Every structure is written in structure tokens, then in C-alpha cells.
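Q: Sequence:
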Amino acid sequence: MTLIELIASISIMSMALLAIYGVIHFGFNTYHKVTIENSLRDEGDLIMSTVISQLYDKGATSVTQSASGIDIVGVDKKRHLLDSAG
17 MTLIELIASI SIMSMALLAI YGVIHFGFNT YHKVTIENSL RDEGDLIMST VISQLYDKGA
77 TSVTQSASGI DIVGVDKKRH LLDSAG
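In terms of our numbering, the sequence shown opens at residue 17 and continues consecutively.
Calculated from the structure, these hints are not laboratory results. On a predicted model such as this, the values are computed, not experimentally measured, just so you know. Where hints are given, some of them may not hold.
[What the hints assert, rightly or not] Here are the computed distance ranges between Cβ atoms for each label pair: (1) L19 - H41: 28 to 38 Å; (2) M64 - S25: 56 to 66 Å; (3) M17 - L56: 51 to 61 Å; (4) I68 - S30: 54 to 64 Å; (5) L19 - L56: 47 to 57 Å; (6) I63 - A24: 58 to 68 Å; (7) G75 - G38: 56 to 66 Å; (8) T51 - A24: 39 to 49 Å; (9) D61 - E21: 54 to 64 Å; (10) L56 - V79: 14 to 24 Å; (11) H41 - T18: 33 to 43 Å.
The beta carbon of each residue, even a glycine, is placed where N, CA and C say it ideally should be.
The task is simple: from the sequences and hints, build the whole structure.
A: Written out as C-alpha cells, the structure is:
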């Protein structure tokens, strides 16, 4: 094997490894983003199901947003539902 053949084979191998690394890196980044989006979607689903179940349970006549969160005014009384802080 001559020096030129060795340099050519190393060059071809490094190009192939760079392409493989790019695909793997892209896959990991996409997986991370999808995991975060799914987590946010799950939290949103939980919040919406809580709000909807509270609306059905209280027979709400109105829903207002206050500085501290969401207030549901039902037939019997006003009830604070969610804090805006979390």
C-alpha cells in the first residue's frame, strides 16, 4: 500500500464518518426536541382536563382570569382554580 492509497482511504473514511456523525447528531437533537414537546403537551392535557372537570363539577356560570390565576364562579360560590405561578 502506497502513501497515496493510505491518504485516499483515510480521506474517504473521514468523509463517511463525518456523514454518519451528522446523521446521529441530528437524530439525538430531534429526539430531545420531541421529548420536550411531548412533556409540554402532557402538562397541557393535564391542565385542560382539570379545568374542564372543574367546569362540569361546579356548573360554572362564568370564568374569569385574575392576577393570581383562574377563578370559576359557580352557582354556589366563587372558587380559585389555578395559580399562574404553576
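Q: So, for every hint listed, does it hold in this structure?
A: These are the hints, each one checked on the structure:
1. L19 - H41: 28 to 38 Å: About 32 Å separates the Cβ atoms of L19 and H41, which means 28 to 38 Å holds.
2. M64 - S25: 56 to 66 Å: holds, 58 Å
3. M17 - L56: 51 to 61 Å: The hinted range 51 to 61 Å holds for M17 and L56, with Cβ atoms some 55 Å apart.
4. I68 - S30: 54 to 64 Å: With a Cβ separation near 56 Å, I68 and S30 satisfy 54 to 64 Å, so the hint holds.
5. L19 - L56: 47 to 57 Å: holds, 55 Å
6. I63 - A24: 58 to 68 Å: holds, 59 Å
7. G75 - G38: 56 to 66 Å: holds, 57 Å
8. T51 - A24: 39 to 49 Å: holds, 41 Å
9. D61 - E21: 54 to 64 Å: Between D61 and E21, where Cβ atoms are some 60 Å apart, the hint holds.
10. L56 - V79: 14 to 24 Å: holds, 23 Å
11. H41 - T18: 33 to 43 Å: The hint (33 to 43 Å, Cβ to Cβ) holds, given that H41 and T18 are roughly 34 Å apart.
The structure fails none of the hints (numbered hints given earlier).
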